[in-house]
Amino acid sequence: KNQVEQSPQSLIILEGKNCTLQCNYTVSPFSNLRWYKQDTGRGPVSLTIMTFSENTKSNGRYTATLDADTKQSSLHITASQLSDSASYICVVSAESYGQNFVFGPGTRLSVLP
Amino acid sequence: DTGVSQDPRHKITKRGQNVTFRCDPISEHNRLYWYRQTLGQGPEFLTYFQNEAQLEKSRLLSDRFSAERPKGSFSTLEIQRTEQGDSAMYLCASSSHRTSGSSEQYFGPGTRLTVT
Numbered sequence: 001k002n003q004v005e006q007s008p009q010s011l012i013i014l015e016g017k018n019c020t021l022q023c024n025y026t027v028s029p030f031s032n033l034r035w036y037k038q039d040t041g042r043g044p045v046s047l048t049i050m051t052f053s054e055n056t057k058s059n060g061r062y063t064a065t066l067d068a069d070t071k072q073s074s075l076h077i078t079a080s081q082l083s084d085s086a087s088y089i090c091v092v093s094a095e096s097y098g099q100n101f102v103f104g105p106g107t108r109l110s111v112l113p
Numbered sequence: 001d002t003g004v005s006q007d008p009r010h011k012i013t014k015r016g017q018n019v020t021f022r023c024d025p026i027s028e029h030n031r032l033y034w035y036r037q038t039l040g041q042g043p044e045f046l047t048y049f050q051n052e053a054q055l056e057k058s059r060l061l062s063d064r065f066s067a068e069r070p071k072g073s074f075s076t077l078e079i080q081r082t083e084q085g086d087s088a089m090y091l092c093a094s095s096s097h098r099t100s101g102s103s104e105q106y107f108g109p110g111t112r113l114t115v116t
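Same order as they appear, the protein sequences are chains D and W.
Throughout the first sequence, residue numbering follows my numbering, covering 1 to 113 in sequence.
Throughout the second sequence, residue numbering follows my numbering, covering 1 to 116 in sequence.
Hints are computed from structural coordinates only; laboratory data are not their basis.
There's no promise every hint is true.
Mimicking DSBU-like on lysine-lysine, the simulated pairs with C-alpha atoms at most 30 Å apart in a straight line are [claimed, not checked]:
(1) D/Lys1 x W/Lys57
(2) W/Lys71 x W/Lys57
(3) D/Lys71 x W/Lys57
(4) D/Lys71 x D/Lys1
(5) D/Lys57 x D/Lys17
(6) W/Lys11 x W/Lys71
None of the values given here were measured: they were computed from a predicted structure.
If we strip away everything but chain D, and leave its shape as in the complex, we get:
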């Protein structure tokens, strides 16, 4: 069964600190992996997309890594800001041309001053 798991379920950190969120998946055949940021009450916004051949991608203070062999991804946030407080959702696509996006449950990040 295609599944995406994320850990931790929730995380609280102080402003300025770094953190790493984890994503494990069993989706096959793998096409690409995306990280989204979702503010409360809003739709998800894309942070990164990685295909099979990419093992790291950065978007400002966000850096995503992908290990397609172990089927794991991480999202590292550097020098956290209060505005980073949100849910971070890992999404894995099973087919390049289909709609088969499998969403993880998300990690709820709270950044405190």
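Once you've looked at the hints, dock chain W against the given chain D.
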């Protein structure tokens, strides 16, 4: 604003009533997706369209749910005889499907449905 828009943003209805939501995708996008998201969970796929054709429906989409995209532009999602379990955020997303590579999905702000 040229992003994905959804209307209404919030809807409160009584059990048994019908509701209809609208999604306006980014204008040049040919694919449109509907998702449902409950509190603390990631979005769950409901259905998607390529132009006006509805290509796939999830088993989550019961007979009470119907979606249309009559002219390949905006889409509507209707829920008939609403139940309390239908309470959720309904998200719409659109993408410009390419024959190769990864298509980025852009999400709307969602419609929050509360069934009392």
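Exercise. What are the numbers of the hints that this structure violates, sorted from low to high?
Worked result: none
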